[in-house]
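Colleague: Going line by line, the protein sequences match chains P and C.
Per this note's numbering, the very first residue in the first sequence carries number 1; after that it's consecutive.
Per this note's numbering, the very first residue in the second sequence carries number 1; after that it's consecutive.
If you are wondering where the hints come from, they were derived from the structure by calculation, not from laboratory data.
Here the structure is a predicted model, which is why all the values come from computation and not from measurement.
Built from N, CA and C at the ideal position, the CB exists for glycine as well.
Errors might be hidden in some of the hints.
Pair by pair, the computed Cβ-Cβ distance ranges are [claimed, not checked]: (1) C:His618 / P:Arg131: 54 to 64 Å; (2) P:Thr48 / C:Ser574: 51 to 61 Å; (3) C:Ala443 / P:Trp11: 55 to 65 Å; (4) C:Gly536 / P:Glu64: 48 to 58 Å; (5) C:Pro402 / P:Trp11: 30 to 40 Å.
Given next are the chains, with one letter for each unit.
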Amino acid sequence: MSALAFRRLRWLIPLSALPVIALLAYGFRVNPRDIPSPLIDRPAPGFTLPRLDTGEPLSLADLEGRVVVVNFWASWCYPACYEEAPVLEAGWRRWRERGVTFVGINMQDTDERAREFVQRFSFTFPNLADRDGRTVIDYGVYGVPETFFIDREGRVARKIVGAVNAEALEETLRALTRS
Amino acid sequence: MISTLGTVTLTTALVIAIYAAVASVLGARTGRPALVASAENGVLTVFGLVALAVALMEWALVGGDYSIAFVANNSSRATPLIYKITGLWGALEGSILLWLFVLGLFAVGVVLTYRRDPRPTMRALLPYATAVLMAVVSFFLLVTVVPANPFAPFPGGVVPPDGRGLNPLLQNPGMAGHPPMLYLGFTGFTVPFAFAMAALVTGRLDRDWIVATRKWTVAAWWCLTAGILLGGWWAYHVLGWGGIWAWDPVENASFLPWLTGTAFLHSVMIQERRGMLKVWNIVLIILTFALTLFGTFLTRSGILASVHAFTTSDIGYYFLAAVAVTLVGALWLVAARGDRLRSEATLDSMVSRESVFLMNNVFLVGSCFSVFLGTVFPLIAEALRGVKISVGAPFFNSVNVPIAVGLVVLMGIGPLIAWRRASLAQLRRHFLWPAVAGVATAAVLFALGVRGGWALAAFASSVFVAVVVGAEFVRVARARAVSTGEPFVKALAEIARRNRRRYGGLVVHLGIVFIVIGITASFGFQRSREVALARGEAVEFEGYRIEYTGLVHEQEPHRLVIGARLDVSRDGRSLGTYVPAKNFYEGRQEPTTTVAVRERPSHDLYLILGDVAPDGSHVTIRMLLNPLVMWIWIGGVVLTLGTVLAVFPDRKPAHAVAPAALGQLGAVARGRPE
């Protein structure tokens with residue numbers, strides 16, 4: 001390459017970094033943990049678990065015909081569970097009259113810490129304790145928080161890994177309550 | 001209280017760091033030494049403030065100020081004191097603080113070392129190097145002040161009665177040392193980067209910036225190497241899967257700058273000596289520095305799935321911006337200075353030390369490229385084709401094993417082959433017998449039943465290097481002993497003392513050879529078996545007899561430990577009781593594993609506790625026989641000794657060797673070999 005050509009083209013050198021940076025920036029748009037769940041469009045695994053507040057059992061079967069949002073959480077899951085907790089409570093208050101039930105399932109935790117968490121965020125939807133981890137395994141949960149949306153026919157319609165944000169919650173529930 | 005104080009301290013440091021960066025450049029541009037001096041004092045002040053922030057955080061961690069979210073999440077009353085202290089680097093925010101502390105330390109070191117330096121080049125370079133260092137410090141301070149404030153209060157303004165405690169996996173001596181060493185390594189490369197940028201800005205692109213930063217680079221390289229090895233040590237002793245490396249994105253993130261840093265370490269010697277490869281060296285250090293930022297980006301942005309369950313946060317955006325600014329800005333400077341980066345010499349022969357260094361660079365950078373590609377390939381696949389894939393160990397191994405073998409061979413040739421042009425006679429003298437020894441090793445191992453082409457090649461090339469290095473020490477020491485009448489050992493010590501850099505380098509090569517041997521043997525020849533044992537039952541495994549004699553329960557303040565007592569014997573001789581265990585930490589998801597390892601130079605017996613029947617009547621045990629693993633750690637110690645030897649100041653330059661000895665010193669006499 002002649003010296004003159006180099007002089008003219010050398011400004012392209014810094015630009016060579018751009019494709020790599022663009023690729024990395026693209027990484028923010030995708031979620032590597034957003035692995036399609038094998039449960040999607042399959043009947044949701046049933047569960048019967050004691051409520052954290054009263055100890056009375058609650059079954060998924062009792063909620064037949066309603067859209068159910070099942071959220072797996074733990075008190076030690078900071079910050080994601082702390083971020084989504086107010087979103088869930090607000091979502092429950094907006095949607096409870098429109099055929100949607102929220103169910104929290106506390107996992108890998110102690111009752112005491114779990115109740116503290118429920119009080120901190122003034123949860124009014126039912127929260128259950130899965131102490132032997134059976135339901136956690138049935139749903140293939142491998143981290144907290146994970147949230148499953150179950151349609152009126154009792155099939156898993158969507159799964160969200162990580163903290164749920166208000167937009168995704170609204171959008172999913174709008175789609176599931178339509179028709 | 002501490003929370004506010006800490007935030008104010010960091011914010012103040014940020015303001016002063018920005019001032020120091022700007023004042024340093026302005027002072028140099030306008031020729032006002034007072035301004036430059038004020039910037040240098042700014043560096044010291046910033047470091048003082050960062051040290052204060054670290055002290056405040058440690059105070060909070062040890063004292064248990066759970067009103068700070070970071071403390072509540074990484075410390076608890078029951079956490080042992082040592083792990084309260086190391087809780088500083090137990091999570092993102094504190095890690096950045098530690099990073100800043102280390103970076104500040106380096107910046108202070110640079111300023112104190114060179115600010116009274118009378119050489120005009122150093123006087124010209126230092127203000128710009130200081131400015132770059134302070135710009136990097138400012139970036140990290142910005143991160144601590146905005147998206148990752150370690151002093152942020154617990155959400156909701158609540159003060160929890162107790163903290164969660166440090167992640168149990170991190171409650172281990174290896175993890176106490178691994179992150180700080182990595183950070184020392186990562187940040188250490190900021191120093192040569194800063195000087196490279198200063199050289200570009202001032203146009204003083206000859207060998208001075210390289211000579212000035214040589215020891216900083218070696219020190220940074222050693223820290224990074226030690227950090228990676230400690231990480232492997234930790235994985236081996238704590239994670240309990242019996243290996244040290246899994247090509248996880250986060251591991252790769254630390255390996256990438258190591259590869260380019262190692263290439264840089266070698267290729268600068270060509271510039272130092274022959275004035276060649278100027279652009280290449282600058283680009284290498286830019287890449288190395290950018291890769292240290294990329295590593296943090298990768299670890300913390302959550303863009304790639306990793307087994308390392310780090311919390312992710314917004315700082316990904318900050319680090320991506322930093323990588324972008326570094327690459328585009330630095331390469332722009334390279335482009336602007338392109339005409340001053342001409343080579344002063346050309347390659348004379350393909351059989352010369354220059355060409356060996358070039359090949360070393362091609363291999364290292366090729367390896368770096370392949371690891372980078374494999375690491376980000378899931379992103380590329382998703383961007384272009386929308387499919388989810390993961391790249392596993394087979395890809396990385398199949399590319400990097402041959403490269404590693406090639407590098408090992410070069411490690412033997414490089415230090416002894418002549419500069420410019422090597423003659424056949426020299427080659428024969430230095431390399432014939434080591435090559436024979438290498439081939440003979442492979443033949444003997446093959447006869448003993450060892451199979452696997454690359455493994456045999458790795459062993460053969462390792463022996464080749466070990467013999468080359470050993471023979472070189474013997475040859476020069478004997479030559480000196482003959483000419484001076486000193487005893488052999490004293491002559492050996494004198495030789496090493498008189499050219500620390502060269503012989504330190506050779507010792508480092510020897511350490512790397514041990515590591516290569518250990519990795520090859522333990523990766524390629526591991527045996528494993530899993531058994532269920534009833535109490536009182538025994539199993540034979542690779543010559544060992546392992547008997548399960550019962551469960552051990554131990555309630556420690558911060559965890560419950562359940563272990564299986566295993567009596568190990570060999571040929572009827574008892575070797576003691578080993579207790580692999582599981583540790584249950586309150587409020588934590590998974591139990592952690594404590595493996596029981598019997599470590600010997602020939603092999604490790606590695607015992608992992610699997611399932612346990614609640615009444616202790618049965619346990620499952622996974623048994624691994626890992627050959628030669630200990631040589632990886634021994635190699636780490638050897639290369640540490642080599643580095644110490646290399647970075648200590650030479651008291652006398654090498655050419656002060658008595659002229660009479662020169663003729664007999666062979667390679668050493670040809671100028672000042674590296």
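Colleague: Now look at each hint and say whether the structure bears it out.
Modeller: Status of each hint after checking the structure:
A hinted range of 54 to 64 Å is violated for the C-beta pair His618 (chain C) and Arg131 (chain P), which are about 24 Å apart. The hinted range of 51 to 61 Å is satisfied by Thr48 (chain P) and Ser574 (chain C), whose Cβ atoms lie roughly 52 Å apart. Between Ala443 (chain C) and Trp11 (chain P) the beta carbons are some 57 Å apart, a value that agrees with the proposed interval 55 to 65 Å. Under the hint 48 to 58 Å, the C-beta atoms of Gly536 (chain C) and Glu64 (chain P), about 53 Å apart, fit the expected range.
Separation of Pro402 (chain C) from Trp11 (chain P) is about 38 Å and conforms to the stated range, judged on CB atoms against 30 to 40 Å.
Hint 1 alone, counting from the list given before, is not met by this structure.
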